[in-house]
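> Spelled out from the first residue to the last, the chains are:
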Amino acid sequence: MRSHETFEELAAVYAIGGLDGDDLIEFEAHLAEGCDRCTRVLRDSGEALALVALAETRVVPPARVKAALLARVAAAGARPTSGARSRASWVPWAAATAAAAAIAALLTGGFVATRYEAQLGRMARETAVVRERLQREEAALREQVAVYGQAVELLREPATRVVDLHGTGPSPAAMGRLIWHETAGGQLFVANLPPAPAGKAYEMWTLGGPAPQPAGVFQVDASGRALHRLQPAGGPATTFAVTLEPEAGVPAPTGPIVLASR
Amino acid sequence: MTTLGEDLIRRMATGDREACARFYDRYAPLVFPLILRVVRDRSDAADVLQDVFWEAWQGASGYDPGRGSPEAWMITRARTRAIDRVRAVRRRSATFVPPIDEGLASAPAEAGGDAAERAEDRGVIQSALQALPPPQRQVIELAYYAGLTQTEIADRIQQPLGTVKTRIRLGLERLRDVVGRST
Chain A
205 MRSHETFEEL AAVYAIGGLD GDDLIEFEAH LAEGCDRCTR VLRDSGEALA
255 LVALAETRVV PPARVKAALL ARVAAAGARP TSGARSRASW VPWAAATAAA
305 AAIAALLTGG FVATRYEAQL GRMARETAVV RERLQREEAA LREQVAVYGQ
355 AVELLREPAT RVVDLHGTGP SPAAMGRLIW HETAGGQLFV ANLPPAPAGK
405 AYEMWTLGGP APQPAGVFQV DASGRALHRL QPAGGPATTF AVTLEPEAGV
455 PAPTGPIVLA SR
Chain B
-15 MTTLGEDLIR RMATGDREAC ARFYDRYAPL VFPLILRVVR DRSDAADVLQ
35 DVFWEAWQGA SGYDPGRGSP EAWMITRART RAIDRVRAVR RRSATFVPPI
85 DEGLASAPAE AGGDAAERAE DRGVIQSALQ ALPPPQRQVI ELAYYAGLTQ
135 TEIADRIQQP LGTVKTRIRL GLERLRDVVG RST
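Protein sequence lines correspond, in order, to chains A and B.
Quick note on numbering: the first sequence equals residues 205 to 466 in our numbering.
Quick note on numbering: the second sequence equals residues -15 to 167 in our numbering.
Be careful, since some hints might not be right.
To be verified - To be clear about the criterion: a stretch of chain A counts as covered by chain B if any three or more of its residues have a C-beta under 8 Å from a C-beta of chain B, and this derived list gives those stretches:
(1) 244 to 258
(2) 264 to 273
(3) 367 to 373
(4) 390 to 398
(5) 407 to 419
Unchecked claim - Straight-line distance between alpha carbons at most 20 Å, and here's what the computed EDC-like set of lysine to aspartate or glutamate pairs gives:
(6) A:Lys270 x B:Asp31
(7) A:Lys270 x B:Glu2
(8) A:Lys270 x B:Glu39
(9) A:Lys270 x B:Asp9
(10) A:Lys270 x B:Asp161
(11) A:Lys270 x B:Glu136
(12) A:Lys270 x B:Asp48
(13) A:Lys404 x A:Glu451
(14) A:Lys404 x A:Asp425
Hint data in this document are derived by calculation from the structure and do not stem from the laboratory.
As the structure is a prediction and not an experimental result, all values here were calculated from the model.
Every residue gets a Cβ at the ideal spot worked out from N, C-alpha and C, and that includes glycine.
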């Protein structure tokens, strides 16, 4: 987030016509929100620059410019006053009006095009940002739905067990619930577990044989929640535990136990 | 209180062609030097001048005195159109180097029409730009007269973008101060 002082700096650059890139997009968006301070900076800068420009030595423009301008104005502004006009006088008027209209259209077109180019650029950028966020959110939701789908499938099986895990040692408030099927694997839901320190991860273990079997590593999100899919354990599993381990996981537990079943 | 300029613009908005002629007499000699300084070519400058007044005629009903004086309205429009012209030329010729030198516009000097209520302040205001520290004056001239954007200026003078922005802000603050004191 920018401080307002930064916007006032952008306002100065905008006033002199030098703003470009993301700064231009951001500043125009800020201005569109109706910022009084920036509007004042723009107005005062415009007046100051105008006075500097006006202080230059005057130069009388070529006389033909005024003549051409007034002819153009007259051609565009002329209106037939009555139907009594002869065809002969009406035709050149129409031709002049059409020509003036064509020139005006070209000029206005160019003017409008440059203004809208900037606006379109801004809209395209904003749209891209929104689309990206939606895609990320959609991917996350799909993943969640898949996990819940698997959990529901597992729960349909009569042999499926639901095992509660309790926080131990360093994280007494942590909670876990494991939906476990001997041959289909399982799904672990975790809450209140603090995120692992940098370079560390949580590792799941199944116990039942002579040694704990590793069942995958996982991380928890900022709110302390995690979803973790377990593959079937190759042998009987009666109890379950989670330890804090190096990020890549280890073949046998080395760190403190943070969650364990009874 | 309505100034003469504002009154003329209001009359132009109602389709008063006489007002258009008077508006031109009053403001053309004021904005032409700026256009000439930016586009440099007298014939191009004349074309831009005509377009600027044509736009003013067509856009008169959109003028809002609260957002700036008629002078600022015209100068901003003139500068924008002149820069558009310069950029179009620059696009056509990749080797074009925008002008930054002085004095081109100090061609025939004549008093024009009945314009410039603040004529007595001219000396003060002109020297306000001259009096800026050279680094601030340089970036302001590159942006305002040569039509370079902040990024182009940073490239051109080999300074970080942040430095360019800060110099523009400081320079404009100083100009606003000087102008504010003299009006």
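> All the hints need checking, so say for each whether the structure fits it.
Now for the hints, and whether the structure bears them out:
Against chain B, the segment 244 to 258 of chain A contributes 12 residues with a C-beta closer than 8 Å to a partner C-beta. That satisfies the three-residue criterion, and the hint holds. Counting residues of the segment 264 to 273 of chain A whose beta carbon lies closer than 8 Å to any beta carbon of chain B gives 8, which reaches the threshold of three, so the coverage claim holds. Under the rule that three or more residues need a Cβ within less than 8 Å of chain B, the assignment of the segment 367 to 373 of chain A is violated, with 0 such residues. Three residues within the 8 Å Cβ limit are the bar, and the segment 390 to 398 of chain A against chain B gives 0, so the coverage statement is violated.
Check result for the segment 407 to 419 of chain A against chain B: violated, 0 residues qualifying (beta carbon to beta carbon below 8 Å, three or more required). As the CA atoms of Lys270 (chain A) and Asp31 (chain B) are separated by approximately 11 Å, the hinted pair is consistent with the 20 Å bound. Restraint check for Lys270 (chain A) and Glu2 (chain B): the C-alpha separation of about 12 Å stays at or below 20 Å, so the hint holds. Between Lys270 (chain A) and Glu39 (chain B), the direct Cα distance comes to roughly 14 Å. Compliance with the 20 Å bound is thereby established for this hinted pair.
Between Lys270 (chain A) and Asp9 (chain B) the CA atoms are separated by roughly 8 Å; this keeps the pair inside 20 Å, and the hint holds. A threshold of 20 Å between alpha carbons decides the hint, and for Lys270 (chain A) with Asp161 (chain B) the separation of about 36 Å lies outside it, so the pair is violated. Taking the CA atoms of Lys270 (chain A) and Glu136 (chain B), the gap is near 36 Å; set against the 20 Å cutoff, the hint is violated. Of the pairs offered as hints, the one joining Lys270 (chain A) and Asp48 (chain B) is violated, with about 25 Å between alpha carbons and a cut-off of 20 Å exceeded.
Of the supplied pair hints, the one linking Lys404 (chain A) and Glu451 (chain A) holds, its CA atoms being roughly 4 Å apart against a limit of 20 Å. Our distance criterion of 20 Å between C-alpha atoms is met by Lys404 (chain A) and Asp425 (chain A), whose separation comes to about 14 Å.
Hint compliance for this structure: hints 3, 4, 5, 10, 11 and 12 are broken, all remaining hints hold.
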